[in-house]
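Trainee: Starting from the given sequences, assemble the full structure and let the hints guide the process.
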Amino acid sequence: MKPPRFDYADPRTLGEAVALLQQHEGEAKLLSGGQSLVPLLNMRLARPAILVDLAKVAGLDHVREDGATLAIGAMTRQRSVELSPVVKARHPMLHAATLHIAHPQNRNQGTVGGSLAHADPAAELPALALVLGAEMRAVGPGGERTIGAAEFFVTYLTTALEPSEILIEARFPTLPPRTGWSVTEVARRHGDFALAGVMATVTLDDRGRCATARLVLFGVGATPVRAPRAEQMLAGERPEAALFERAGRTAAEEIDEPLSDVHASAEYRRDLARVLGRRALAEAAARAA
Amino acid sequence: MPASRHITVTVNEQPYEAVVEPRTTLVDFLRGELGLTGTHVGCEHGVCGACTILWNGRAVRSCIMLAVQADGGTIMTVEGLGREGALHPIQQAFLEEHGLQCGFCTPGFLMSIYELLERSPDPSDEEIRDTLGGQICRCTGYQAIVAAVRSAAAKLRTGAGGYG
Numbered sequence: 004m005k006p007p008r009f010d011y012a013d014p015r016t017l018g019e020a021v022a023l024l025q026q027h028e029g030e031a032k033l034l035s036g037g038q039s040l041v042p043l044l045n046m047r048l049a050r051p052a053i054l055v056d057l058a059k060v061a062g063l064d065h066v067r068e069d070g071a072t073l074a075i076g077a078m079t080r081q082r083s084v085e086l087s088p089v090v091k092a093r094h095p096m097l098h099a100a101t102l103h104i105a106h107p108q109n110r111n112q113g114t115v116g117g118s119l120a121h122a123d124p125a126a127e128l129p130a131l132a133l134v135l136g137a138e139m140r141a142v143g144p145g146g147e148r149t150i151g152a153a154e155f156f157v158t159y160l161t162t163a164l165e166p167s168e169i170l171i172e173a174r175f176p177t178l179p180p181r182t183g184w185s186v187t188e189v190a191r192r193h194g195d196f197a198l199a200g201v202m203a204t205v206t207l208d209d210r211g212r213c214a215t216a217r218l219v220l221f222g223v224g225a226t227p228v229r230a231p232r233a234e235q236m237l238a239g240e241r242p243e244a245a246l247f248e249r250a251g252r253t254a255a256e257e258i259d260e261p262l263s264d265v266h267a268s269a270e271y272r273r274d275l276a277r278v279l280g281r282r283a284l285a286e287a288a289a290r291a292a
Numbered sequence: 725m726p727a728s729r730h731i732t733v734t735v736n737e738q739p740y741e742a743v744v745e746p747r748t749t750l751v752d753f754l755r756g757e758l759g760l761t762g763t764h765v766g767c768e769h770g771v772c773g774a775c776t777i778l779w780n781g782r783a784v785r786s787c788i789m790l791a792v793q794a795d796g797g798t799i800m801t802v803e804g805l806g807r808e809g810a811l812h813p814i815q816q817a818f819l820e821e822h823g824l825q826c827g828f829c830t831p832g833f834l835m836s837i838y839e840l841l842e843r844s845p846d847p848s849d850e851e852i853r854d855t856l857g858g859q860i861c862r863c864t865g866y867q868a869i870v871a872a873v874r875s876a877a878a879k880l881r882t883g884a885g886g887y888g
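For the record, the sequence lines run as chains Z and G.
Note that this note's numbering gives residue 249 to position 246 of the first sequence, counting from 1, and the numbers run on in steps of one.
Note that this note's numbering gives residue 885 to position 161 of the second sequence, counting from 1, and the numbers run on in steps of one.
Keep in mind that the hints were calculated from the coordinates and are not lab data.
Misleading hints may appear alongside valid ones.
Straight-line C-alpha distance at most 16 Å; calculated EDC-like pairs for lysine to aspartate or glutamate [claimed, not checked]:
id, chain 1, residue 1, chain 2, residue 2
1, Z, Lys59, G, Asp795
2, Z, Lys59, Z, Asp123
3, Z, Lys5, G, Glu745
4, Z, Lys59, Z, Asp13
5, Z, Lys91, Z, Asp123
Mentor: Spelled out as structure tokens, the structure:
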């Protein structure tokens with residue numbers, strides 16, 4: 004038996020789930036797909052007193068277009084997003100991002116809400132939420148609130164959610180017209196955690212020049228991070244290789260010192276940020292044209 | 725001492741009821757409680773794929789799923805796939821294409837491939853490789869396994885293989 008002992012509850016409503024979190028404040032962990040939490044339990048790095056399983060709470064599993072927003076329930080499996088015809092046809096950036104999440108066998112069980120709330124800095128969905136400016140809906144003892152992606156990711160494995168709050172839905176805005184996107188990362192093997200990755204969107208104006216750009220780097224710091232100086236360099240400029248080269252270099256320079264570990268040095272990660280930044284902006288601009 | 729839980733699961737079309745500690749992983753339950761030792765335990769953190777089973781028709785890692793999470797669901801393990809003398813076409817293809825040597829990883833591969841071929845009877849090489857990417861084999865080499873998937877897909881499409 005690998006995991007330490009813990010209690011288990013499978014509430015039927017969000018109200019019951021919130022009450023359980025309040026009752027065991029600080030000692031409870033929410034269980035969604037378990038693709039990060041159960042390994043942590045098996046390694047005994049996490050030792051919660053109780054797991055509160057959200058599997059039987061109704062209303063958390065959906066992929067729904069709502070005006071200019073794609074609303075995804077927190078308990079929606081990543082694989083369901085990947086295989087959704089609506090996502091594939093109308094939200095190709097989301098589809099592309101899911102394909103980088105671990106392996107199909109993990110995506111079959113892993114959830115969108117679980118990945119966002121786990122907030123691994125090398126994970127794809129937090130980076131996607133940040134580049135698209137997604138909003139997170141959460142329910143807690145005081146009712147419901149909405150948290151923007153820029154405020155949601157606080158630091159390593161830490162979000163703005165209070166201990167008794169539950170993420171119930173993520174709302175991803177649809178890309179505006181004349182906007183292209185890119186999802187790119189480098190990992191030792193496909194499906195491994197990214198050593199570094201970049202997600203970008205570029206919007207062109209009616210003369211074919213860059214109007215706005217968003218550039219998010221992940222796997223390089225405590226959270227996914229935007230590169231605002233690099234983004235601003237594109238405004239009003241003609242989309243061309245030299246511009247993307249300069250913007251990639253700027254992105255790599257403006258981030259804090261990247262993580263250095265057994266998988267890659269800080270220096271290597273910074274260089275990946277430069278190269279991937281350049282490639283992502285070029286790809287996004289090409290898709291926008 | 726945390727309370728144990730009563731669960732009901734259907735495994736390989738057999739209903740089972742059991743009382744489990746919440747911390748029991750599904751693979752330990754399948755092997756230790758039900759005696760279904762065909763599912764293997766490898767890395768125990770969801771990376772190697774040896775423990776892959778079908779959970780409500782989808783291939784998942786049973787080492788990072790708790791038995792209590794399986795309550796009310798339907799599971800298929802390698803024991804439900806075929807048996808000696810009546811191999812499933814995927815197993816037959818592994819035999820013919822030399823898709824295994826030591827066999828430790830094989831049950832997980834078979835279950836992942838089963839899901840792939842259910843969803844996609846004539847998969848592209850990219851689909852095959854994406855599926856196999858979630859399974860680690862340390863002795864055969866993957867080319868023979870890719871060949872086995874292609875062969876199994878053809879057998880299943882034509883109804884050959886002497887199964888069912």
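Trainee: Next, verify each hint and record whether it holds.
Mentor: Evaluated hints:
| no. | hint | result |
| --- | --- | --- |
| 1 | Z:Lys59 - G:Asp795 | holds, 11 Å |
| 2 | Z:Lys59 - Z:Asp123 | violated, 25 Å |
| 3 | Z:Lys5 - G:Glu745 | holds, 12 Å |
| 4 | Z:Lys59 - Z:Asp13 | holds, 6 Å |
| 5 | Z:Lys91 - Z:Asp123 | violated, 25 Å |
The structure is inconsistent with the numbered hints 2 and 5, although it conforms to all the rest.
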